[in-house]
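Working from the sequences, and respecting the hints, build out all of it.
Residue numbers (the working numbering), protein chains in the order written: chain A, 903 to 1000; chain B, -6 to 513.
Check each hint, because a few of them may be wrong.
[To be verified] Below are the PhoX-like pairs computed for lysine-lysine, each with C-alpha atoms no more than 25 Å apart in a straight line:
#1 B:Lys417 - A:Lys942
#2 B:Lys303 - A:Lys942
#3 B:Lys323 - A:Lys992
#4 B:Lys303 - B:Lys417
#5 B:Lys323 - B:Lys93
#6 B:Lys93 - A:Lys992
#7 B:Lys323 - B:Lys84
#8 B:Lys506 - A:Lys942
#9 B:Lys506 - B:Lys93
#10 A:Lys942 - B:Lys265
[To be verified] Away from chain B, derived, C-beta distances all over 10 Å, residues of chain A:
#11 Asp909
#12 Glu928
#13 Val970
#14 Asp988
#15 Gly989
In short, the hints are calculated from the structure, not lab data.
Predicted, not measured: the structure shown is a model, and the values here were computed from it.
C-beta: ideal position from N, C-alpha, C; glycine also.
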Amino acid sequence: MAAINRDDVAHLAQLAHIEMSDEELESMATELAVIVDAVKSVSEAAGADVPATSHPIPLTNVMREDVVGHVLTVEEALSGAPDAADGRFKVPAILEES
Amino acid sequence: MSASALIRSSAAVMAAKLASGEITSVELVQAHLDRIAEVDGGERGIHAFLHVNAEEALAVAADVDARRAASEELHELAGVPIAIKDLIVTKGQPTTAASKILEGWMSPYDATVIKKIRAARMPMLGKTNLDEFAMGSSTEHSAYGITRNPWDLDRIPGGSGGGSAAAVAAFEAPLALGTDTGGSIRQPGAVTGTVGVKPTYGAVSRYGAIAMASSLDQIGPVSRTVLDAALLQEVIGGHDPLDSTSLTDPSTGLADAARLGNVAGMKIGVVKELHGEGFQAGVENRFNESLDLLREAGAEIVEVSCPNFKYALGAYYLIMPSEASSNLAKFDGVRFGNRTLPTDAPLTIERVMAATRAAGFGDEVKRRIILGTYALSAGYYDAYYGSAQRVRTLVQRDFEAAFAQVDVLISPTTPTTAFKLGEKIDDPLSMYLLDIATIPANLAGIPGLTLPGGLADEDGLPVGIQLLAPAREDARVYRVGAVLESLLETKWGGPILDQAPALASTADEATAKIAAEEAN
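Written as structure tokens, this is what we have:
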């Protein structure tokens, strides 16, 4: 497995939508390299014949009655929004204007 | 009984005094609010609470007293106050997850466990401190300041639920709620000399607990006695249609198990991989003492091996950040939480999101999101997340093989006692190693309990003993835990917290600070 470097962290930060300064990228790359090195033994521990476990106690087809359940009013749903208008969430520009 | 003696009682004793009319709930709640005012504030205060809910707690208490006076049938714990980890959403009190991104956020709904606490008429004293989004083992990663360990104010109270554990250890609350993803209830319990339980995955609804790693997270009780934890798990447990991973098992029989009082004939397994090398000598000594006591009480102690546990920490630190990076994507500055604008144009949503998350999240949260994004990215998914999920199967098989031989497993809860504040803050990996004995239970979804096992010889700080049982057999950890607790307390001549140093009042300092702030 490849070591993690500053450019990797910059790419990951972009994917994760977190703005990072050069200093942060540097220190994060150093810390993550140590952590990634410590966890790499995991990839050698289990062979391909071992099935993956996604949940500790498997449950299947968990359904509920098809009736209107717990819903928030528009007012409640918008109560914690940083910006709202006309009963809707208000977001900054989706596209950059040219 | 004086107020200072009253707050040191167990929740079960408080409940009995309320039922007999010896005390009122208003008196009981006020005694705890007074204690919070005395020891929680100021520079050297415990700082277990991020928010104190005095008005509502007293109103609920007054209502319980009125109902009791009218001979109404009430829940056993009605009128007994409780503190809530600030990762669990509550109407009427802010929920911050100890993050700047949720500063001042008011949830429009209650978590299922909060609805159950309200239904039992337990007054909520307030919200307790934690590592931001429960990411940490020391409560030093809170955006709102550290919490101090009541045993030594210069040491960590554990984490992420350091606030709940410290509140209970400092007699600011008899009971608290915690959440446990890799040990966040049990590890703080161990280092503060208190009791904490991670129930079977799905035994307590997670609806309304702000998710970190959904396949590992579990809400559970924090208390000073095993019986109190059992009583609280019975209140908060049971099926919830709002949580699709919730089990249908009833939440009963736990307090009865704690009251059973014998372990004769039970087989208890010592996990070879969870003690010895890497564990502090004083922790080993107290652990061996507990084994002797259980043996004398008629239990059979055998050694079992769980060879794949050596991969558990690595698997955990891939699964947890992967799930966390996905769960925390919702904090985008649109629907809830704070929004931060970039300093320069253009103000597009992508840039606003990146600036919001940069300003709102602390270092540890960013570290885990980046690590999780890495583990889930194309080309690495199989090698990291896929492998970690296969290790999870191996850990489960180890437990299955162990529980085919024994009824419960036992280990120290943590490899060391509480370390000094600041000691490991710049070394994330050594911080992660603290959870080595607690993580396997989360990977396998099984119940785990920690109880105080005494004080380490070298530093006089509390040591935790962990008991583990098969999934859905939570009653077993309560049964064995209560017996061991009683044997140890007989040996000590009282609860371990009787040996904790008295806390100096910080009330004057805290009042002066508030007055100074008001003057500004």
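What hints, given by number in increasing order, does this structure fail? The structure breaks only hint 8.
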